[in-house]
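Colleague: Chain residues, written in single-letter form:
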Amino acid sequence: MPFINYAAREITCKLVYYGPGLCGKTTNLQWIYENTQKEAKGKMVTLATEAERTLFFDLLPLSLGTIRGFAARFQLYTVPGQIFYDASRKLILKGADGVAFVADSQAARHEANLESLRNLQQNLAENSIDFQTIPYVLQLNKRDLPTAMPAEEMIAALRTRNEAVFEAVAVNGTGVVETLKSMVKQSLARLRSGTPA
Amino acid sequence: MSATDLILHEEEFRKVVGLGERLRHDANARYVALIDRNGQPIASSGELPDVDKTALASLVAGNVAATETLAKMVGEQSFSSLYHEGEKDHLHMSAVGPIGILVVLFDERSSLGLVRLRVRQMTPDLEDVFNEMVERSRSAENPELEEFGAAMAEITDEDIDSLFGDRI
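Sequences listed follow chains A and B, in order.
In terms of my numbering, the first sequence has 55 at position 10, counting the first letter as 1, and numbering is strictly consecutive.
In terms of my numbering, the second sequence has 127 at position 98, counting the first letter as 1, and numbering is strictly consecutive.
Isolated chain A, as found in the complex:
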């Protein structure tokens, strides 16, 4: 359930990009940051190691406009993908209103995708978030690489709840906006019921 501030007439949703190490989560955020109008974006915060691996999280705040009189704000987070940063991943998922799972299309990363997806489900459960109902998108990233697995095979292995799937090449923006839009739509659609989830 997004945070609703009646006083400021704002809705804020926390959207999290999840996936194995080096799958392109930060690249999604960077592309959005570089291609968003100045007034619609906040400062992008990156807590990374010297080798530019995400250490804790990346954050990109977006203020997209108003919907039914409420300013819609989105906080896009990435988690660190490396296996040993599990405690950080768990903390960042806390209070998430939507998740995009970014899968690495390279055949060599197939096992890492499966492991990360299992880890997502486990960490959501530990945060009392139902994986079956949270707004959720599957992004198949790095489709341009020659070692990319066929999309059908990836979908068969990674699509778990009939979620929207987007093929992407995050470095050039392909599929990036579609992924974000789908998460935004689903998280706002949850408000249509009029009662908190």
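Only true hints are included.
Some but not every residue of chain A turned toward chain B, in silico, with C-beta under 7 angstroms:
1) F48
2) N50
3) Y51
4) A52
5) T57
6) A85
7) V90
8) L109
9) G140
10) V222
Computed from the model, here is a short list of chain B residues facing chain A with C-beta under 10 angstroms:
11) L35
12) H38
13) R43
14) N67
15) Q69
16) S87
17) A90
18) G91
19) A95
20) F177
21) G178
22) E183
23) D188
24) L192
Please keep in mind that the hints were generated in silico from the structure rather than gathered at the bench.
Using N, Cα and C, we set each Cβ at its ideal position, and we do this for glycine too.
Since the structure of chain A is already known, use the hints to place chain B on it.
Modeller: What follows is chain B alone, placed relative to chain A:
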């Protein structure tokens, strides 16, 4: 609705802002902010030009969450406050009940002792407002939430598409 979901109404917002103003004045602080544990800024008092308040809230929440996990690792329930000392400015962060965090930024015009004292004095009042906020967020009879729900029930896909427009 989980314990971390929050709906902030005008009345509670005014109370929180009032308490924040008082704390900033009494502690001689530069800036006071109340945020929730998920990193959402709730209310603040004082000016911090050139500082992104969303990023600040998110980093504070991350800092507090990491410290709490550390506390549990060494057998403590939690560390109730965190203090970062800089050359000119210092940051004091403390828990407000189970879902809030109070952040106080101060410089040489104040002292850690004074800030700690004022924070301790103010925290029960802030906790009361937070509890009210949580109670109202969970209440079945909530006219503002009904009104909000009615407005949101009319959201169309076109509305959502227009949010993006040419912004991205």
